[in-house]
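*Asks:* Chain E: place on chain S using the hints.
There are 2 protein chains.
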Amino acid sequence: MAGTDKSQEFTFRPSPAIILCEPQLGENIGTTARAMANFGLWDLRIVNPRDPWPNERAIAAASRADHVIDKVRVFATVEEAIADLQLVFATTARRRDMQKPVYGPEEGAQRMISHIAGGEKAGLLFGREKWGLYNEEVALADAIVTFPVEAAFASLNIAQAVLLMAYEWRQQADKGEVLPFSGGLDPTAPREELIGLFLHLEETLDRTGFFKTEDKRPTMVDNLRAAFARAQLSTQEIRTLRGVISSIDRAHLRQGRKAREAEAAKATKSKD
Amino acid sequence: MAGTDKSQEFTFRPSPAIILCEPQLGENIGTTARAMANFGLWDLRIVNPRDPWPNERAIAAASRADHVIDKVRVFATVEEAIADLQLVFATTARRRDMQKPVYGPEEGAQRMISHIAGGEKAGLLFGREKWGLYNEEVALADAIVTFPVEAAFASLNIAQAVLLMAYEWRQQADKGEVLPFSGGLDPTAPREELIGLFLHLEETLDRTGFFKTEDKRPTMVDNLRAAFARAQLSTQEIRTLRGVISSIDRAHLRQGRKAREAEAAKATKSKD
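These protein sequence lines are chains S and E, in that order.
One point on numbering: in the working numbering, the residue at position 106 of the first sequence is 106, and numbering is uninterrupted.
So the mapping is simple: the working numbering equals the position in the second sequence, first residue as 1, plus 272.
Next up, chain S with everything else stripped away, as it sits in the complex (with noise of 0.2 Å):
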């Protein structure tokens, strides 16, 4: 999306830590780099990668999240991957057969936040592109974390699973959800000058004929007022549709006046 501001800087918060398997494209570690930076996650590791690391293909394909890129570790196992975490999801679209507690991302992430809060670490494990966790991966987390997908159509890779949890994070962790930007409506009109609006308008209404007959006048009136009050338009707003109806209402005038001036034009112009 077109929408960066390169002029803000980036604060490393404590958040989730992102644990990728056996992660098997270079090009997926950098695609999971750039969804956590969307998201303002930062901390991410990789269990025994199939290529050496720094890897070019990440890189390139993390864009411009070079701080995530930056700050990648690299594990030779899980177990040492999530050695100083507190609490472990796994990220699974499969069943197991395991007991283990599942929880949606909304209640995953909730959960995190609370641990992280509290001052502990919490990561998220991520599987292979192919074969996802394996069972002892699995066995190693405090619970499940599976996505409310179709069953039939489950086809989120790893970038996207990442972005929903990382979503799921913020959304959580900013309850009151800040967005960059916020409503961009103006305050509405104080009353006085809407009733202004309405008279306007209906005083021409009445001139032009608009309103058949006096009884269905109120309920006409009414329902015109119910309309444009919806709206909740601003003083600006008012102002433009009171020069809407000005400008059709009169608009016959000008065009009398500018002929008028046509004719006196030509008139002038034929005595000389």
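Treat the hints loosely; a few may be bogus.
To be verified - In silico BS3-like pairs for lysine-lysine, Cα to Cα no more than 25 Å straight-line:
hint: 1; chain 1: E; residue 1: Lys447; chain 2: S; residue 2: Lys258
hint: 2; chain 1: S; residue 1: Lys212; chain 2: S; residue 2: Lys258
hint: 3; chain 1: E; residue 1: Lys484; chain 2: S; residue 2: Lys258
hint: 4; chain 1: E; residue 1: Lys447; chain 2: S; residue 2: Lys100
hint: 5; chain 1: S; residue 1: Lys100; chain 2: S; residue 2: Lys130
hint: 6; chain 1: E; residue 1: Lys530; chain 2: S; residue 2: Lys212
hint: 7; chain 1: E; residue 1: Lys530; chain 2: E; residue 2: Lys541
hint: 8; chain 1: E; residue 1: Lys447; chain 2: S; residue 2: Lys175
hint: 9; chain 1: S; residue 1: Lys121; chain 2: S; residue 2: Lys100
hint: 10; chain 1: S; residue 1: Lys269; chain 2: S; residue 2: Lys258
hint: 11; chain 1: S; residue 1: Lys258; chain 2: E; residue 2: Lys530
hint: 12; chain 1: S; residue 1: Lys216; chain 2: E; residue 2: Lys530
hint: 13; chain 1: S; residue 1: Lys121; chain 2: S; residue 2: Lys71
Stated by the list, open to error - From chain S, some residues computed to sit far from chain E (all C-beta separations above 12 Å):
hint: 14; residue: Leu25
hint: 15; residue: Arg111
hint: 16; residue: His115
hint: 17; residue: Gly196
hint: 18; residue: Ala231
hint: 19; residue: Ala262
Read the hints as simulated data drawn from the structure, not as lab findings.
Where is the CB? At the ideal position from N, CA and C, for every residue including glycine.
*Replies:* Structure of chain E alone, referenced to chain S:
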């Protein structure tokens, strides 16, 4: 992720339409379809794609999301693509100087679900790979939806943005907490009728000389449309407002005709 359960059928439940405006790369159409399929979305509409449809690259990238690709509809303009919808959101990363409410994905999803539960149709606009949506496209929407991304590292591509919205839709839909419709409101008219009102008004204002200069016209049009769009006008209200425009616009014609008829009547009378 290795997790597809092919034994399950897909049910085409009411869900938001995903509208891609002038997608450049066929691959992105395919990955969008695939992202949608994860969370049960199936109504994909593309507006004036760069390449002809069907598109080999899109089909290849869609993987198993055939049921989405098969239902893709192609439109020449965004107006046609959203004609049947009552609620339209525009997804954008950049701030727009426009009188539009801004929601995060969660609130956006909740609002779409309310409308859909009430029998109306909703849709999300996504822009071009490099340039996102044009202002006049955003102006056609009821509100903007944006993602809570780190401003310095916003790098969501189209499929990721679609994935997040699809995920939130699924999240909110499964909550079972459908916000009740505001009592007493007629359903919002399909977007096509609202656009009819816009064109009627703008054509009239072109004739009356409301738009002082050509370069100011686009912004003024967008602002007027934004004001009317917020009112969530019903079919009847749109009809009434078009009657209002006609009444004011053509009053001088009626008055002119009445004056001529009165003259003719006087002339006839004086002959008797």
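*Asks:* Would you list, in rising numerical order, the hints stated earlier that this structure does not obey?
*Replies:* Of the numbered hints given earlier, those the structure breaks are 1, 2 and 18, listed in rising order.
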